[in-house]
Amino acid sequence: MGEKKLMKGNEALAEAMIRAGCDAYFGYPITPQSEVLEYLSREATQRTGMVLIQAESEVAAINMIYGAAGCGKRVMTTSSSPGISLMQEGLSYIASAELPCLLANINRGGPGLGTIQPAQGDYFQSVKGGGHGDYHLLVLAPNSVQETVDFVKLGFELAEKYRTPVMILSDGAIGQMMEKVELFPQMERVADRGYPWQTTGKPINGERRYITSLHIQPEKMEEINRRLQAKYKKMQEEEVRYQATLIDDAEYILTAFGLVSRICMKTVQLGRAKGIKLGMIRPQTLFPFPTKQFAEIAPKIKGILDVEMNSGQMVEDVRLAVEGKTRVEFYGRMGGVIPTPDEILEHFEKTFL
Amino acid sequence: MSQEVLEQTNINTTEENICIRENLVYERPSTLIDIEMHYCPGCGHSTVHKILMEVVQELGIQNETIGVAPVGCSVFAYHYLDVDMQQAAHGRACAVATGIKRVLPDKYVFTYQGDGDLAAIGTAETIHAANRGENILIIFINNGIYGMTSGQMAPTTIPGMVTTTSPYGRDVVTQGHPLKIGELMALLPGVCYITRQAVNTAANVRKCKKALKNAFEYQKRKLGLSMVEIVSNCPSNWKMTPVESNKYVENTMIPFYPLGDIKVPEVK
Ligand SMILES: Cc1ncc(C[n+]2csc(CCOP(=O)(O)OP(=O)(O)O)c2C)c(N)n1
Ligand code: SF4
Ligand SMILES: [Mg+2]
Numbered sequence: 001m002g003e004k005k006l007m008k009g010n011e012a013l014a015e016a017m018i019r020a021g022c023d024a025y026f027g028y029p030i031t032p033q034s035e036v037l038e039y040l041s042r043e044a045t046q047r048t049g050m051v052l053i054q055a056e057s058e059v060a061a062i063n064m065i066y067g068a069a070g071c072g073k074r075v076m077t078t079s080s081s082p083g084i085s086l087m088q089e090g091l092s093y094i095a096s097a098e099l100p101c102l103l104a105n106i107n108r109g110g111p112g113l114g115t116i117q118p119a120q121g122d123y124f125q126s127v128k129g130g131g132h133g134d135y136h137l138l139v140l141a142p143n144s145v146q147e148t149v150d151f152v153k154l155g156f157e158l159a160e161k162y163r164t165p166v167m168i169l170s171d172g173a174i175g176q177m178m179e180k181v182e183l184f185p186q187m188e189r190v191a192d193r194g195y196p197w198q199t200t201g202k203p204i205n206g207e208r209r210y211i212t213s214l215h216i217q218p219e220k221m222e223e224i225n226r227r228l229q230a231k232y233k234k235m236q237e238e239e240v241r242y243q244a245t246l247i248d249d250a251e252y253i254l255t256a257f258g259l260v261s262r263i264c265m266k267t268v269q270l271g272r273a274k275g276i277k278l279g280m281i282r283p284q285t286l287f288p289f290p291t292k293q294f295a296e297i298a299p300k301i302k303g304i305l306d307v308e309m310n311s312g313q314m315v316e317d318v319r320l321a322v323e324g325k326t327r328v329e330f331y332g333r334m335g336g337v338i339p340t341p342d343e344i345l346e347h348f349e350k351t352f353l
Numbered sequence: 001m002s003q004e005v006l007e008q009t010n011i012n013t014t015e016e017n018i019c020i021r022e023n024l025v026y027e028r029p030s031t032l033i034d035i036e037m038h039y040c041p042g043c044g045h046s047t048v049h050k051i052l053m054e055v056v057q058e059l060g061i062q063n064e065t066i067g068v069a070p071v072g073c074s075v076f077a078y079h080y081l082d083v084d085m086q087q088a089a090h091g092r093a094c095a096v097a098t099g100i101k102r103v104l105p106d107k108y109v110f111t112y113q114g115d116g117d118l119a120a121i122g123t124a125e126t127i128h129a130a131n132r133g134e135n136i137l138i139i140f141i142n143n144g145i146y147g148m149t150s151g152q153m154a155p156t157t158i159p160g161m162v163t164t165t166s167p168y169g170r171d172v173v174t175q176g177h178p179l180k181i182g183e184l185m186a187l188l189p190g191v192c193y194i195t196r197q198a199v200n201t202a203a204n205v206r207k208c209k210k211a212l213k214n215a216f217e218y219q220k221r222k223l224g225l226s227m228v229e230i231v232s233n234c235p236s237n238w239k240m241t242p243v244e245s246n247k248y249v250e251n252t253m254i255p256f257y258p259l260g261d262i263k264v265p266e267v268k
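Residue numbers (the working numbering), protein chains in the order written: chain A, 1 to 353; chain B, 1 to 268.
Note that these hints are calculated values from the structure, not bench results.
Only true hints are included.
Chain A residues, not near chain B, derived (Cβ > 12 Å throughout):
1) K8
2) E43
3) G112
4) T115
5) G129
6) M177
7) M178
8) E238
9) L270
10) K274
11) K300
12) M334
13) G336
With a straight-line cut-off of 30 Å between C-alpha atoms, the simulated BS3-like cross-links for lysine-lysine are:
14) K220/B / K263/B
15) K202/A / K207/B
16) K161/A / K107/B
17) K202/A / K210/B
18) K292/A / K302/A
19) K220/B / K202/A
20) K207/B / K107/B
21) K222/B / K202/A
22) K213/B / K180/B
Quick reminder that beta carbons are idealized off the backbone N, C-alpha and C, glycines included.
Turn these sequences into a full structure, and let the hints guide you.
Written out as structure tokens, the structure reads:
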């Protein structure tokens, strides 16, 4: 049993980062996630000697990540929507150069400077690439403080397993809420991970290493692309995570990720109390998406209501997955407005019953 | 090497004896990979690569050095420099180098950047790495032009200089003034060494090499950030022969960008 504490989402995330033996964090303040850098500033270097820099911008932060990740170190950054937009160039380079790193987006309402309230408008940006070129982040979507902590550990492991950038897509509410959380024990920082590709100085009896995303020959660049795509395919086969609730006898499925999934759970209860056979599927990985799971359940049910705090983004992946085999409808609130369980149920009844 | 330069260096060479050991003026350091470079004939980039790697060889730090290549003509520096390298996004070399140096504080870290990379798109990363006093070396190739993208105006293009985006000559009223970023950075306490050098003559090449060596020594002593600015040429986009371009460096660039130390460490 790990240590139990009552913690704010962002602080728990920072604590998990320290405990995961993270070597370096580079970040820039932005609401609603500034607590991460603040907490680390109080705790990190003193406890584990971890490197910490408040960068001059998110552009710089993500490129510091590139440099340190290229030395084979366990590295992380966090930000919120406008800052994540600034990181897209760096993420594209990191994905192409196949460097492992973890980042968290504590999503706030947009577009533009938007609002500091929680939102899910960055789904497309997170799961479809975000920067230029054909690449994906592996995207984990926690719906609690506990899962945020668990996903920090898992996120580092997946990043290193696949040599890929991993994103925790959370939101302002999960970042700011206080919940009970069980923390995993402190892990040792690894002095040298010994990756053959890490640039830590040319080995005395070996070849020099270089990290690049530049491949002028189209055939070579295609080969790199094929390698990336093969990796994404493997993730699709091996890393899909989702939570299914009351789906066995369900006639209708609610689907939502992150914060909204907690609200939808209440809607399922309210519906069941009224005799409506509601079930729920919550993708925990947004990329890779639980496509197969939706495809399997589609012919057995009467419909899916997808609920998001945006104008309808994940719903496109749900529709692609079910290939028209069941009716898929959408309900969303935008700009930082959080829907209520009753509001969702009312919309469901109006749409399907 | 032109006849003029040979005469300057007082080497008594004939067609017969130019190959003998005593007259050897060029040797490839073992730290420079033996493949053909993509640089245009007469380009300063190749000279700087050579002396940089001579310094790395002479200091015996090949296995402890990590370089960062920019986006610019020297993007492929990692094909030539036989040390571990990372290729950074355009302008981000100093941020990448910061990430490397902070997790490997005992290694030698350098960036190699052009003027567009360092002083336009990467100004923020450069200034802030300097201001944090990152213990890194910036090798800054100032050729007053965007070489790689074939000759547009750079932040360092001198007034009146013709480029493809200043076809009537740089007009400072509408296109701004050349950025003397070395002088700017010298004001920052995190910076220990700023010097401006050139590689247009054999004498300047030797001085430049010395400056690079100094910078690595200061890095070893953890004195802060060093920058060796090298006033260089771009014969292809300046539309000149290599010899003409070296004269242009001498007669037009250097008067605007005077050579010499701009800041040296207080504790020697
Ligand atoms: C984000 C981005 N913008 C623009 C470019 C195009 N680009 C490549 S190199 C370059 C300028 C390079 O000039 P400089 O840094 O002076 O290097 P030089 O080639 O002269 O050595 C530009 C604008 C790019 N690769 N990336
Ligand atoms: S374009 Fe200019 S800077 Fe680039 S290699 Fe050719 S001469 Fe050198
Ligand atoms: Mg240039």
